[in-house]
Structures are given as structure tokens and as C-alpha cells.
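Order-wise, the sequence lines are chains A and B.
In terms of this note's numbering, the first sequence opens at residue 1236 and continues consecutively.
In terms of this note's numbering, the second sequence opens at residue 1236 and continues consecutively.
Please keep in mind that the hints were generated in silico from the structure rather than gathered at the bench.
Any given hint could be a false lead.
Given that identical chains are not distinguished, each listed pair holds provided it fits within a single copy or across any two copies.
Said to hold, decoys possible - DSS-like, lysine-lysine: derived pairs with alpha carbons at most 30 Å apart:
1) Lys1464 with Lys1247
2) Lys1257 with Lys1247
3) Lys1384 with Lys1445
4) Lys1346 with Lys1241
5) Lys1346 with Lys1361
6) Lys1465 with Lys1257
There are 2 protein chains.
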Amino acid sequence: MEIAEKKEHIRKIVRRARFEGKTIGFVPTMGYLHKGHVHLIERSREDGCFTVVSIFVNPLQFGPSEDFERYPRNVERDIEILKEASVDAVFIPSNEEMYHVQHLTEINVLKLSEKLEGAIRPGHFKGVCIVVAKLFNIIQPDRAYFGWKDAQQLIIIKKMVADLDFPVEIVPVPTVRDEDGLASSSRNIYLSSEERKKALILSKTLHKLKEMVELDKISDTKILIAEAKKMISSENVVIQYIEAVSLETFEPVSRIEKNTGILVAIKAGDVRLIDNVIWD
Amino acid sequence: MEIAEKKEHIRKIVRRARFEGKTIGFVPTMGYLHKGHVHLIERSREDGCFTVVSIFVNPLQFGPSEDFERYPRNVERDIEILKEASVDAVFIPSNEEMYHVQHLTEINVLKLSEKLEGAIRPGHFKGVCIVVAKLFNIIQPDRAYFGWKDAQQLIIIKKMVADLDFPVEIVPVPTVRDEDGLASSSRNIYLSSEERKKALILSKTLHKLKEMVELDKISDTKILIAEAKKMISSENVVIQYIEAVSLETFEPVSRIEKNTGILVAIKAGDVRLIDNVIWD
């Protein structure tokens, strides 16, 4: 596995792979890798791609009161995981390598970026769009793999790619869950065992909603959301939002059908968790 | 010369050229070609590039009260000029090919986009950035050629490319002038012969400023701007702005030195004209 810290180095590695006729698969991460990331990597490898992973905790997507400083990091462990997963190359740039003294360019996907996560984390998706655009331009992958866990991020990136004609295919990959059902996330480490137990209500609720839709054929989102609120409220967690929305516009929908989803954010203690169930 | 109207077609043409080991040079235009455009093409050909030209009158960079509808167009004549100039391929997309029903992604180069042209034409540079980003992603050139005539556009594009890591080298090319000194521009066709005669004060003034700086060694921008205003006011034209600025920040400078310029916009009758003298 090759490790590059400089843009020019990773570009050279990718150029060589492309010259050898390989398709480039890319998995952008903020490190502190878990099995969700490994699943993205496996998808890229199954697709026969020369697989590049980036590890970069992007300051631009954190708000001033958010957890940029304390976001978990362990690059040595990440590198072992990536080697184990047979990744071909990893790009681990510094902040200085990624951002000049005065970065002035903003990318904003209007409307989609303002709702749900965007309403709670103003500027978050601008930061995501900038770093993803930069990484796409540095690595120039043929395919990039994003998890459904961050559904709004996935859809905003897809929209940016379509609107700006990036020559990249965005491959959505289902959410991976830990054994207790909690969606795998680097931030799960913040949870005390007490909080984690409470937080499980989130995946349980989404599992229940999936059954209500698919087994009981209930598609009225009022009924589904009411049930979800009731279930989640049984635990001592705070619902930040729970909405049934179109996966194209994030506008609320009254019925579950193709291309809709129910997206939830809760706080268990001080820890924010997001999860969703989608019908794509 | 190959002519492509679809993104997939021009991508295929460029892929083939790249496969043959060629370097891709790109000249984006809004058509109604003049010798300024031809000069950009010549630069690309001198650099040994497989040269792609785009013709697209980009609606997003025109304000609601601007001249999008009446902007001069003559694709047949343009194609003859491009053949004559030995261009390899031309991309002539429709509006529908370039923009979906609902384009939501904005690109904004903060600060640089707000001054001078940006102050007079709000949103103009956002439209420019979007179309250039799209064209870069569609054509994926190694080099793109931009004229100093639109100095602010050139610098904003350079900043966008640096900030977003586009793998494109931006090549600045000196302004080309008609025989009477007027900077070549598609919009010159709007000028009556009377207006054109008045408009010549612009290039005469800039020529005089260049002499004052380079022969008389006057670098105090107060003196230079005062002289310019006096000269331009001798004709019946309106000065929209005349500023001596840094070519990095567009902040006013008190002395002419490396990487500064004097940028001017006037109105001769209803016709806006921009021009500049730069020390790069």
C-alpha cells in the first residue's frame, strides 16, 4: 500500500494506475476507520478498482462549537486497517497541504444544504462540498463510494457532481451496523455504555418503521413518524429532527414510496447521532 | 475539425486524443469569435496542444437586465473561423445539455467576485465560475487559455482552480486590439461608429498610463488615476469605475508595482466596455 501526504504524490500514483488501464475507486474518510469504511473499500475492490482512500479531518465542515479538535484520530491503526483491507493507496494530507493561507472559494448546493443536518449545522455541507470537490480534482477517481448512513451528504454530493459535471460515478452503499444495531460511526466512541444503551432506540425504531412499511404496508408518514416519536421518547434522548422526505429534494412527503426516506438525528447525552431508513 | 453538441461526444473525442498521448488545450468562448479568440487558439496550438474550443452563451452569467438575448451569435461563421485556425474539436452544447431543469450548485469566489465588475454585475462571476467548472469537468483539459482583457475573470478563475485543485493550468494571454486600439470584444459590434470613436479614449488613456509608468517612472496611482479621469472625461463617455488594484486581491494600491493593474469600465452610449493595463 502506498502512502501519500502530498497532492503531487497521490496524483502520480493514480496516473500510473490509470496508465496501466485500471479503474480508480475512491473512498474519502475522516479516519478513525470502522467497518462501515471497510465495507466501502470492499465495494470498490469488488468492482475491480484500484482503490484509493483519503484520511483527512476537514476543518471546514465543522462549526465553531463542534468537535473538530476532539474528533477521534488514530492514523497508525487506520493504516493497519487499510493494509488489511488491501487498499492500493492512501492519501493523508495535512491541513496546510489541503488549504492555502486564504481559501476563498465556496460551493453551495442550494435548498438541499439548508434542511435537516444543514439547519442544525450551518455551513457543514459547504465544507463537505469543498473538500469532496478538491479530493475529486486531486485523485480524479472514476467512482467514489459514499455510505447511506450520511444520506443527506450522499445526495448533496450526487447533486454537486451532476450539476458540475464531475466525471465521477457516485456509488451509494448501505449503512453498516455494529452487532447491537447502532449504525457504525467514528463518533460512537464518544458514547458511554449507558448512553449507547439508550441510543439503541434509534436503530430499533428505524427497524420497526421498515417493518411497518414493508410488512404492514403502512405508507402514511404521519402514522410512521408518530410511532417513531413515541418509541424514541421512551428513552431519555432528545430528538433533533425526524422527517419523512423525498430523497431528491428533502421536502417532506406524506407517503413512503420509491426514493423517500425517514431521517433522524438524536442527542444521547452530549453525543449527536444520525441514522435513517431509506427506500431507494 | 470535429463538432460535438453532447457532453459524451466531446468527452469521447478528448479521451481518444489523450489516449494518443496528446496534451489538451482548451479555449472557452461565448462565440461571435474575433481575433482575440484566435490569438488564444494560436497560443494553444503553439504549445502543441490538441485544441478544443467551446461556444456557449452562458445564461447564468448574465443579469436579468443584461444582454443575454441580444448577445451576438453566428455559429456558422464561428465554425469557419475555427477551421481556419486549425482547431481540433469544438463543443457547442445547447442550454438543455448544459443545465438540468433544476441546477442548484453555486460556486462563489468570495471577496474577488464582489469588486469592480462584480459590484456592477451581481452574480456575474458566480455564473462564470459554474460554467467554467462544468466545462473543465466535461473537457478535462491540461491547459486553459484566458485573455487579460477580462482581467478579473482570469484572476477569479485562477483562484477557483487553485482553491478547488482543478488539474488545469490557467494560461493568461495578453489582450488583442483592433487596428484602432480598441480591445477586441464580441460586444464591440454594439457600437455605432460615433460611439466607437468616443470609446477609443479608453485604449488611448491606458496607453498613456503605461507610458507614464514605464517611461516617466510615475508609480503614484493617485496621479495616474487623476490623469486617466481627466483624459476619459474629455469624451462624452461615462466612467463606471477606474481603479488601481492588486491583481491578487483587487484591493486598491497606492503604487504601481509587480502584480498590479489599472482596470476601467466605461459606457459609450448604451454600450459597456472594459479594458485594463496590467503589470504582471
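- Message: So, against the hints stated earlier in the document, which numbers end up violated here?
- Response: Result: hints 1 and 6 break, sorted rising.
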